[in-house]
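Student: Chain residues, written in single-letter form:
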Amino acid sequence: MLGCVAGFFTYETTKSVVVKSWQVGIIYRFAQLLIILYFVGWVFLHEKAYQVRDTGIESAVMTKVKGFGFYNGSLMDVADYVAPQQGAAMFCIITKMIITPSQSQGLCAEPDKKFSCATDEDCTKHLSSNLGSGRITGRCLTSEKQCQIEGWCPAENDNQTMTPMREVENFTIFIKNSIRFPLFNVTRGNILSSVNAQKIQTCLYHPYKDPYCPIFRVGDVLEYANENLDSIMDRGGEIGINIAWKCNLDLHVNNCLPNYTFTRLDAPFKHSHVTKGYNFRFAKYYRSQNQEVRTLHKAFAIRFDIIVSGSAGKFSVIPTLINVVAACTSVGLVSDSAFKCKEFKQASHITIKAEEKNSDDSGAFSIGYQL
Amino acid sequence: MLGCVAGFFTYETTKSVVVKSWQVGIIYRFAQLLIILYFVGWVFLHEKAYQVRDTGIESAVMTKVKGFGFYNGSLMDVADYVAPQQGAAMFCIITKMIITPSQSQGLCAEPDKKFSCATDEDCTKHLSSNLGSGRITGRCLTSEKQCQIEGWCPAENDNQTMTPMREVENFTIFIKNSIRFPLFNVTRGNILSSVNAQKIQTCLYHPYKDPYCPIFRVGDVLEYANENLDSIMDRGGEIGINIAWKCNLDLHVNNCLPNYTFTRLDAPFKHSHVTKGYNFRFAKYYRSQNQEVRTLHKAFAIRFDIIVSGSAGKFSVIPTLINVVAACTSVGLVSDSAFKCKEFKQASHITIKAEEKNSDDSGAFSIGYQL
Amino acid sequence: MLGCVAGFFTYETTKSVVVKSWQVGIIYRFAQLLIILYFVGWVFLHEKAYQVRDTGIESAVMTKVKGFGFYNGSLMDVADYVAPQQGAAMFCIITKMIITPSQSQGLCAEPDKKFSCATDEDCTKHLSSNLGSGRITGRCLTSEKQCQIEGWCPAENDNQTMTPMREVENFTIFIKNSIRFPLFNVTRGNILSSVNAQKIQTCLYHPYKDPYCPIFRVGDVLEYANENLDSIMDRGGEIGINIAWKCNLDLHVNNCLPNYTFTRLDAPFKHSHVTKGYNFRFAKYYRSQNQEVRTLHKAFAIRFDIIVSGSAGKFSVIPTLINVVAACTSVGLVSDSAFKCKEFKQASHITIKAEEKNSDDSGAFSIGYQL
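Protein chains in written order, with the numbering used here: chain A, 1 to 371; chain B, 372 to 742; chain C, 743 to 1113.
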């Protein structure tokens, strides 16, 4: 019994052999150097393993487009060309529209060439098709040589060439992005506190000259994304504005700043023969003589997506401790530095002349891995 | 001093005992085999620990619905039944509507049974209620035996049975999804480069026959999600179309392909007595005789959410090295394979006859864990 | 050859020294105690390292606002004040509007003070400005002493003081949130199955009294987010409703419940001199005498963002095994407990009297780190 208690307070460690050989020693120390470099350079400096990281960034984006252009002889302002209008993280700027006014329910000719006909038989075979603008009635309209449809009439003919609204180039996008790192309860906005109202109304984002101005000219954004203005205005497309927040909260919080990058999101389809650009249809509804009338718009637009990502790191005791212990054990620093100079003796061959030594590097070993 | 320098270039290692016992040896080797199997099978093959992974997938989704149906005697096309119209990752297809036309500001009867009355006193108790369609004035309309409200009149009576638009079943959804793995700067689209324009216009997604066709029939989607068409068309619901990109970029990038799955997102409420389905209200505004008039729509809709997820892995030196070192150390392969055959001697009992041997598996140990 | 096969079935282990010293023993046991506490308290209880975690939560949110108010003398209901109307995770409740009715394309005065003028020269310098409501024609309108613009006329004058719709305070937001943990195929909804239809129509969320009621009064939400109702109604703002699901699936799934928190998302800009609040413009289009007429609205709104996050954990053999092995090796429990009492002997000095002992803690070591 007494033996057991006494035994409980004994310390057990592995027996060591100190090999006194310059060749082996140099290789050993070089391996240690590599491990130290790995821990200091990669684990601590590059990966910042002494920090706790918060990657669950919370973000809120508000956008506001400014500018006006002329399309089809009439002025278009924000309420006309931005959709949806709520100023969310995703919005479209309409650059071109095919407008079909005064549609009402009725019978008319389908303009699509697929539905051209000579006799009614040419149309009856399309009876169940849903590729037209309405239900094929099966009649062939002899004057237009096209099948008749039942639906919103006159049907849209999107085989027209329209000139996009060039002024889009000079429109500006104002982005208000506020973020929060819930773990550290740190909130940041993309407008520097040092900026005054005067500056905000006149500045324009530039990657080097003004990297923190939250106002972006559409023409610049397209240039930064390496996109051709004319082509994207004609066919539509999708542009991503990425806001990256990489914050080291060990520094002053004012160093936690956004970084903007620009990409074309639909790039994989840019050279596709199948589908290019971006467009959508919407209608404005009117009432005339108690009948519902609509104006159909096929809108070609540049869609902007504000994508916010980020992470923050801050010093924390637990990961630092774990990593320091792991580094020390790996290197064997503890045992070496403590005993080396005291227990030095001459030994020239590896396995023959060896001296016993205690090394206490076993217990602390795999603590590290449970990050 | 000289001693210290010399001591610096010595190599220290633990003393080993080689136990020559078949029983212990078999258990030892079996444990090693398990560890090897764990590393090869789980760590390397299953978890692909030799790769760097990018889970921060960037995604852009465009959708386009095609098809038309007849509701209440008039044709409905995309501009009529899709909301919002911008073709984003979330959109609704309206299947049923309760339409209240020609509403204008005024006084009228509240149709809800909760507000039925015999005398004005029955209504004055509801004066502060906000469950009606407008403000309760406190008067009881004797002809309708319902309380009077001030608001948009006539008030909506949603206690009607309407037949949903059956054609929704045959509508098609075209999904254009482009993704990017920022770490590897790899962009992919869900339309195979081998597909031509002809194919795209005629194909239809099928899990086995055509798993990469980006066009989905609504009826099929509901079937894949195990949903009943009639019930969801009548009450509305929410369907998730998940696009999963699991890419091994060590293979050719053409193997990086989307995988589609379908779920009912509001499944937890499907059998709830409280709330089922999905509907929302919107209004179309007109102007007649200088007065604002609106048509109120209570729309029952199928809401589609395109949810994109994914990750990509690619071979990288650092994790491979770390894992190989960890595997080797764990198994003790290094020390064993190097010395076993040379230093073999007979020994039959565990702790008695033992031979000293160097094993160099301590220094490299916990390098591994810092992934 | 035979030697090699025999050698293959030998077991190699490190030589140990048992040091019989009370001082060293106490330090050794205290270090072991710390390691055990770390593993039991932090790794197992706090970090739940015996579980597999799913952080890829899939979520679907539907919202429905109820209530009506009076603005500018006419009743506003959901179809009037909520935008977008689809009941998505992000929606705005309009609290104040500056309405500019009967705009049509033409020439009129720009109301902004920046464009006041005495002569035409004052206006020609603004010819390329896009800060006005339309294109500056270069003429100075002498009656208004303001520059003339071409665009939607009359132009909006947003320099008005309007009273917000006070009733917003009593509006209620019904949130339907269904989530899924794909790894465990567990779906949950934020409406308890024990709640009946009667309860749902009358309950109101309260952090202590009714933490699982999915109906939120706008005034309460603003209070929980520490926001002033009058200020946010006047200028607009953005409120985040966070729904956090932290589920321990080792317990009954009914314990997997939502937790609601409320924050002001645009908090970093609240005290900014530059930009405050939230507003957007939209237009309703009419047709009168074959001319397009619109009513422009500058809407100040409270934007609500429902942000869903969460993770679930469930017992799994692999991480448990790995962690138990790691814990045991770290502590050296295995070797100690097995041999201590048997091989006890007297020893008073550290490196001198030592006894050899087998410890088998090397092979299993760094298995652990590959989680």
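These are computed hints drawn from the structure, not numbers from a lab. Values in this document were obtained by computation on a predicted structure and should not be read as measured data. In this text, a Cβ means the ideal position worked out from N, Cα and C, and glycines have one as well. It is possible that some hints are incorrect.
Stated by the list, open to error - Simulated restraints on C-beta separations: (1) 1059(C) with 682(B): 18 to 28 Å; (2) 747(C) with 682(B): 26 to 36 Å; (3) 941(C) with 226(A): 54 to 64 Å; (4) 925(C) with 276(A): 30 to 40 Å; (5) 573(B) with 99(A): 47 to 57 Å; (6) 248(A) with 798(C): 50 to 60 Å; (7) 961(C) with 99(A): 24 to 34 Å; (8) 246(A) with 537(B): 50 to 60 Å.
Student: Does each hint hold? Answer for all of them.
Tutor: Now for the hints, and whether the structure bears them out:
Distance hint check: the CB atoms of residue 1059(C) and residue 682(B) are about 24 Å apart, consistent with the given range 18 to 28 Å. Separated by about 45 Å at the C-beta atoms, residue 747(C) and residue 682(B) break the suggested range of 26 to 36 Å. For residue 941(C) paired with residue 226(A), a C-beta distance near 57 Å keeps the hint of 54 to 64 Å intact. Range check, residue 925(C) to residue 276(A): about 38 Å between beta-carbon atoms, so the 30 to 40 Å window is met.
Distance hint for residue 573(B) and residue 99(A): a CB-CB separation of about 30 Å, inconsistent with the stated range 47 to 57 Å. As the Cβ distance of residue 248(A) to residue 798(C) is approximately 27 Å, the hint placing it in 50 to 60 Å is violated. Between residue 961(C) and residue 99(A) the C-beta distance comes to about 44 Å, which lies outside the given range of 24 to 34 Å. Taken as a hint, the range 50 to 60 Å holds for the pair residue 246(A) and residue 537(B), whose Cβ atoms sit roughly 53 Å apart.
This entry does not satisfy hints 2, 5, 6 and 7, going by the numbered hints stated previously.
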